[in-house]
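Visitor: Sequence:
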Amino acid sequence: MEASGMPAGSAGRRKFTAEFRADAVALVLDEDRSIADVARSVGIVEQTLGNWVRQARIDRGEKEGLTTDERVELVRLRKENRQLLMERELLKRATVFWVQESTR
Numbered sequence: 001m002e003a004s005g006m007p008a009g010s011a012g013r014r015k016f017t018a019e020f021r022a023d024a025v026a027l028v029l030d031e032d033r034s035i036a037d038v039a040r041s042v043g044i045v046e047q048t049l050g051n052w053v054r055q056a057r058i059d060r061g062e063k064e065g066l067t068t069d070e071r072v073e074l075v076r077l078r079k080e081n082r083q084l085l086m087e088r089e090l091l092k093r094a095t096v097f098w099v100q101e102s103t104r
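So that you can map any letter, position 16 of the sequence shown is 16 in the numbering used here, and since no number is skipped, the others follow by simple counting.
Hints listed in this document are in silico derivations from the structure and should not be mistaken for laboratory results.
Take the hints with a grain of salt, since some may be wrong.
To be verified - Cut-off 30 angstroms, straight-line C-alpha distance, at most; resulting in silico cross-link-like pairs (BS3-like, lysine-lysine): (1) K63 <-> K15; (2) K92 <-> K79; (3) K63 <-> K79; (4) K15 <-> K79.
To be verified - Pair by pair, the computed Cβ-Cβ distance ranges are: (5) R14 <-> T95: 25 to 33 angstroms; (6) A26 <-> R93: 47 to 55 angstroms; (7) A94 <-> G61: 21 to 29 angstroms; (8) T48 <-> E70: 58 to 66 angstroms; (9) V45 <-> E73: 34 to 42 angstroms; (10) T95 <-> K15: 28 to 36 angstroms; (11) A94 <-> E62: 48 to 56 angstroms.
Where is the CB? At the ideal position from N, CA and C, for every residue including glycine.
Kindly generate the complete structure, drawing on both the sequences and the hints.
Guide: The structure is reproduced here in structure tokens:
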């Protein structure tokens with residue numbers, strides 16, 4: 001792994017380890033360093049670090065918004081909802097089919 005917290009040989013959109021993110025956020029929140037200063041020192045864009053810090057404040061209960069766990073659950077529930085809607089539509093069609101077949 002490189003010093004940037006990314007796997008060696010990574011290409012395209014940068015992905016950072018959870019540990020790297022947590023360490024960078026801790027520098028801002030726990031050591032009272034500015035987002036700009038920390039972003040420069042760890043080699044990331046200020047906006048990226050700002051997003052991480054904002055989400056960490058929400059997760060800590062310091063700011064209003066969906067926590068990371070709530071966001072994960074929301075994604076899961078939306079996926080489950082899509083699946084259930086598809087199943088319901090399939091059952092409706094099957095019911096119509098069986099009613100038509102039984103009246104013949």
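Visitor: Indicate, hint by hint, whether the structure satisfies it.
Guide: Structure-based check of each hint:
no., hint, in the structure
1, K63 <-> K15, "25 angstroms, holds"
2, K92 <-> K79, "20 angstroms, holds"
3, K63 <-> K79, "27 angstroms, holds"
4, K15 <-> K79, "24 angstroms, holds"
5, R14 <-> T95: 25 to 33 angstroms, "50 angstroms, violated"
6, A26 <-> R93: 47 to 55 angstroms, "54 angstroms, holds"
7, A94 <-> G61: 21 to 29 angstroms, "47 angstroms, violated"
8, T48 <-> E70: 58 to 66 angstroms, "21 angstroms, violated"
9, V45 <-> E73: 34 to 42 angstroms, "28 angstroms, violated"
10, T95 <-> K15: 28 to 36 angstroms, "46 angstroms, violated"
11, A94 <-> E62: 48 to 56 angstroms, "51 angstroms, holds"
Of the hints listed earlier, those the structure fails to meet are numbers 5, 7, 8, 9 and 10, in rising order.
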